[in-house]
Amino acid sequence: MDFSNVEKAIEIISNPMAHTDPEMKTQANEYLIEIPRAHYAEWKNLFAYLGETTSDHTKFWILQALSEIVKDCWLGLNTGDKSEFGAIAFEFLKHNYNSIIPVHHFCQKYSYLFAMIIKLGYPDSCSNVFDQLETMVKESEESLSFLKFTFAVMKQINSEIVERESYTTNDDLQMATRVKDAMRLGDVTKIINLAQIVLEKFDQLPKELVIGAIDTLKDLIDWNDLALFEPAFEIITNFCENKDFQQSALYCFYAFMKKGMDPSVKIKVIKDINIVTKIKSITLDSDDLELCQTVCDIIKKMGFLILEIVETAPSDSDYQDDAQGLLLELLLLNVMFLECDDVKSLQYVAQFVNAMVLYIKKLQELPDQLAEIVFKIQDLCIQKCEYPDWFSFEEKDLSEDEEIFNILRCDLSNLFRNTIAIPGMKERALKKIDERLDIIKENFASMTPNQIECPLFLLGEVYDIISREDNSISNPVHQAICSKLLSIDFLSTESNEEPSKEKAVVYAIFYEVCVKYGSYFIHFPEAIPHIIGGMMSEKGILHPWKVLSSKSCYYLLRFICRVKDKLTDYAELIYTNSRKIIEMYEEGKTNLYPRDIENVYEIIGNMLENFQMPPEEIKKILSYYFELIWNKMNNTTVLQGNIELIRRMNFLIKSLKPRSASASQDILKGMSENLLTVFQAYINSPINDCIVFVQKTLTLIGVEMFDNINNYIEAMLAANTQIGLDSCFKLMTFVIIELEEQSFELFDKHIVTFFDRLGKLEFPEENKSDESKDKLSVFVNFIKMINSCVHKNPIILISGNSGAIFESLMQFFAFLTTQSVHKNFRKEILHILRTMLTEFSGCTLDPIKNIHLGNKSKIEERKIVGNPDYETNYDTFIKISSEISFEIFNHIDIKDPIDINCVYLTSLLHVLLLHNIPSFSEIYQSKITKIHPSLDFTDLATKITLFLDGKLKVPDFKQYIRSVFIPK
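In the working numbering, the protein residues as written are 1 to 968.
Simulated from the structure, these hints should not be mistaken for lab results.
Only a predicted model underlies this, so the values are computations on that prediction, with no experimental measurement involved.
Among the hints, a few may not be true.
Derived Cβ-Cβ restraints for the label pairs, each shown as a range [to be verified]: (1) ASN901 / ASP181: 47 to 55 angstroms; (2) THR135 / MET336: 48 to 56 angstroms; (3) VAL477 / LYS654: 35 to 43 angstroms; (4) SER315 / ASP131: 17 to 25 angstroms; (5) GLN640 / PRO16: 36 to 44 angstroms; (6) ALA421 / LYS953: 48 to 56 angstroms.
Using 25 angstroms as the maximum straight-line C-alpha spacing, the simulated SDA-like pairs for lysine to any residue come out as follows [to be verified]: (7) LYS344 / ASN354; (8) LYS207 / THR237; (9) LYS207 / PHE106; (10) LYS71 / ASP181; (11) LYS589 / TRP630; (12) LYS619 / LYS546; (13) LYS280 / ASP321; (14) LYS784 / GLU745; (15) LYS271 / ALA255; (16) LYS827 / ALA718; (17) LYS657 / LYS730; (18) LYS749 / THR677; (19) LYS566 / VAL703; (20) LYS301 / TRP223; (21) LYS190 / SER143; (22) LYS361 / GLU339; (23) LYS109 / GLU11; (24) LYS827 / TYR904; (25) LYS109 / ILE211; (26) LYS155 / ASN98; (27) LYS657 / GLY724; (28) LYS546 / VAL703; (29) LYS657 / PHE706; (30) LYS8 / HIS57; (31) LYS749 / GLU771; (32) LYS930 / LYS951; (33) LYS546 / SER467; (34) LYS271 / MET257; (35) LYS82 / GLU11; (36) LYS749 / LEU676; (37) LYS620 / LEU639; (38) LYS564 / ARG595; (39) LYS632 / ASN711.
Virtual Cβ for every residue (Gly too), placed ideally from N, Cα, C.
Turn these sequences into a full structure, and let the hints guide you.
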């Protein structure tokens, strides 16, 4: 290892003024990363150079390199080197502690190195590591430095070995177990004794050393005998009142309490030391945010601890009363801290208070004291949900505090909703919101947007609870608060007032509340024009703040859907304003996103359908927007741009029904023809939105789309791509469902090509990667297409072009039922076979008829048997169907719900075969008894006969089959 090159590389990457060439920095960094693995056998040279160099950057790199050698190359060292590694590390520390321990990041790195040596070599290669640490502490003149280092090592051991978050593999778990088991044989006691000495002399030692001792005890408690720590317990609890050590002491105390012990003992200990009183006595200054957060975190954790004891205590336990009393104390303490202003602290206590509210909901009777506490919680939620003055409402790049506040606000609103769910609390909460609305009404001009927004926010949050019992908002109490809401002009502004995000937040929440309580406007529609007008104005969609513009589009669409029965008089106004907004968007005069303008198009589509507009008028409007969009598409060469434009047309016609589109058949058909050119231009990645338009048009004009559908299918087949074939099968399935009889011609025309193209695809062996999932999708959608077609026409596969490939299709079905990557294949294929066999048999038995084809299907005698046109395919069908059924029985996974269902479905197929082919009985008995040797076949045959005769009901037969073939 050439240390001169190492120094040069370190200089390049650490000195920003040395080189500006990024490539050189990259090469230097790669060189330094590679050294530990390439030269791990030269680790002694690294220790030697660590003692010689005066460069802090080089020291840091060497410590990093030594750690990586241990972490990544330990197995490559021989036994002697492993033992010597630890010895040299100790020896170096003895002689160079002044250059390592006082410097925080060097101490951290060197303690990490020791932790890695312990993780991989203890106790085999370094059994005396803790003895040496103890000796350095007790015999060295610099015992305090070595104490500091010892506690740093213990912190790294906890982080890298003990903490369960570090268990990423079974090897990690085994290493942790090995280290902990060995340390418990005596080394843990050594460390505890050192910490105990520090605690006893805390007033003579540096603060950071005492904190290190407390933290070390806290980490050790979780996996060691609690009796080892009893001598330190009293000191730790006293430290809860010492401002210098309160944070560490509180966490250490919680570690004691979390440790497994009898609940009655735990409750007694907590009461005896009076921890709640100690916490109450803690003095928090305005700048003690970290201490405040610690206190809140601890009282939250203590609360959950006691809540679990209360909820799991036997009814006759002698500690239940004490536990409930302690729980009440902790609830009061948490509620007290709900009044603080630090958002992180509030997050902690809100979590426990919410858990307590859920607990209180379960009580049959609510004591007065708890009712008062819930009142206080509601008041604090209303107060704390208000946005602070420092909140910026930026669309992106919120500060950490702003993001935390948003999470806290969700927690508080959830807490508020849960209080309302307590019997008798909803009325009080609504009254409090009503009082806040009164204040706003009287002082609107002098209040800040944040103050105005808060009660609106809470009113929106409680809607889901209100709607459960009053979805139509017909309750007078709920109507009264809505009326109060609408009596305030939240959209008012001063004449020269500039638009602001703060006011926009009020507009947005007002619109959201109006949408949620939309049912109110069915009773009182007078305010509808005001709300819709606001949403479509500069105080909504046309506002300069993008967030409000976007939300207003969404809320307008939802509001129109909620109150559409009351919009007849405003249809023209809504349409005119929507057209104006689209024109402004095209001119670049709005702040709307493409997804927002889609909402505007959907609004227009809703107006066309829901207000009984004459079909000729609808045709004019569709023609206008189709032309507008098509002209833009002719000037767009970017795929994403075309997709966005097609989506607008889809949203425009989304709500239309055939009656409304009766005069528009020519323009719908014409647009689908136009879109085919776009579709073909991007055929290697077919535009799904084109397919959506074609499918919707098919539902509107029906068989008139037949030729267009065929053109799309031929275009996808001509492209000869996997994704095109997948889209082809999806479209064909949709056509079969929509057109029924007319679709069979199309299916028969292309089935041979479909099957041929599918046969050229390699079947995926797994379904975890995106590539394999995409490939599997083609096979899945092919089977869905076949199933849909057979359901409509059960003989289609044995006739026409399908008949020529029928045996190959059946063999393909047999292959799919043996594949495990997609078990739904079995279920789908069983449906196909049962449907066909039911039709072939001319079965009129109710149990079969109702199950296989549904009550709406017609069972007609097709005279398949004996018909020379079908005889060969019929024989093939019977042979392979029976083979498939028994193969499925051989592959059943009784733990898989899909396979369990297939047992019953297969049995129904067997029933049909038995009903249709007398000779099948002998085959059935032979195969079934081979698969299930202990089966009572006589009983099974009797049950099947009863089922066929209609004397055994479907649920009873299903239960019987499960009991026979699925072991418990």
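Tested hints:
no.: 1; hint: ASN901 / ASP181: 47 to 55 angstroms; in the structure: holds (48 angstroms)
no.: 2; hint: THR135 / MET336: 48 to 56 angstroms; in the structure: holds (49 angstroms)
no.: 3; hint: VAL477 / LYS654: 35 to 43 angstroms; in the structure: holds (37 angstroms)
no.: 4; hint: SER315 / ASP131: 17 to 25 angstroms; in the structure: violated (52 angstroms)
no.: 5; hint: GLN640 / PRO16: 36 to 44 angstroms; in the structure: holds (40 angstroms)
no.: 6; hint: ALA421 / LYS953: 48 to 56 angstroms; in the structure: violated (42 angstroms)
no.: 7; hint: LYS344 / ASN354; in the structure: holds (16 angstroms)
no.: 8; hint: LYS207 / THR237; in the structure: holds (17 angstroms)
no.: 9; hint: LYS207 / PHE106; in the structure: holds (20 angstroms)
no.: 10; hint: LYS71 / ASP181; in the structure: holds (21 angstroms)
no.: 11; hint: LYS589 / TRP630; in the structure: holds (21 angstroms)
no.: 12; hint: LYS619 / LYS546; in the structure: violated (33 angstroms)
no.: 13; hint: LYS280 / ASP321; in the structure: holds (22 angstroms)
no.: 14; hint: LYS784 / GLU745; in the structure: holds (18 angstroms)
no.: 15; hint: LYS271 / ALA255; in the structure: holds (16 angstroms)
no.: 16; hint: LYS827 / ALA718; in the structure: violated (32 angstroms)
no.: 17; hint: LYS657 / LYS730; in the structure: holds (22 angstroms)
no.: 18; hint: LYS749 / THR677; in the structure: holds (23 angstroms)
no.: 19; hint: LYS566 / VAL703; in the structure: violated (36 angstroms)
no.: 20; hint: LYS301 / TRP223; in the structure: holds (19 angstroms)
no.: 21; hint: LYS190 / SER143; in the structure: holds (15 angstroms)
no.: 22; hint: LYS361 / GLU339; in the structure: holds (23 angstroms)
no.: 23; hint: LYS109 / GLU11; in the structure: holds (20 angstroms)
no.: 24; hint: LYS827 / TYR904; in the structure: holds (10 angstroms)
no.: 25; hint: LYS109 / ILE211; in the structure: holds (20 angstroms)
no.: 26; hint: LYS155 / ASN98; in the structure: holds (21 angstroms)
no.: 27; hint: LYS657 / GLY724; in the structure: violated (29 angstroms)
no.: 28; hint: LYS546 / VAL703; in the structure: violated (44 angstroms)
no.: 29; hint: LYS657 / PHE706; in the structure: holds (19 angstroms)
no.: 30; hint: LYS8 / HIS57; in the structure: holds (11 angstroms)
no.: 31; hint: LYS749 / GLU771; in the structure: violated (30 angstroms)
no.: 32; hint: LYS930 / LYS951; in the structure: violated (28 angstroms)
no.: 33; hint: LYS546 / SER467; in the structure: violated (31 angstroms)
no.: 34; hint: LYS271 / MET257; in the structure: holds (12 angstroms)
no.: 35; hint: LYS82 / GLU11; in the structure: violated (31 angstroms)
no.: 36; hint: LYS749 / LEU676; in the structure: holds (20 angstroms)
no.: 37; hint: LYS620 / LEU639; in the structure: violated (28 angstroms)
no.: 38; hint: LYS564 / ARG595; in the structure: holds (22 angstroms)
no.: 39; hint: LYS632 / ASN711; in the structure: holds (24 angstroms)
Going through the hint list in order, the structure does not satisfy hints 4, 6, 12, 16, 19, 27, 28, 31, 32, 33, 35, 37.
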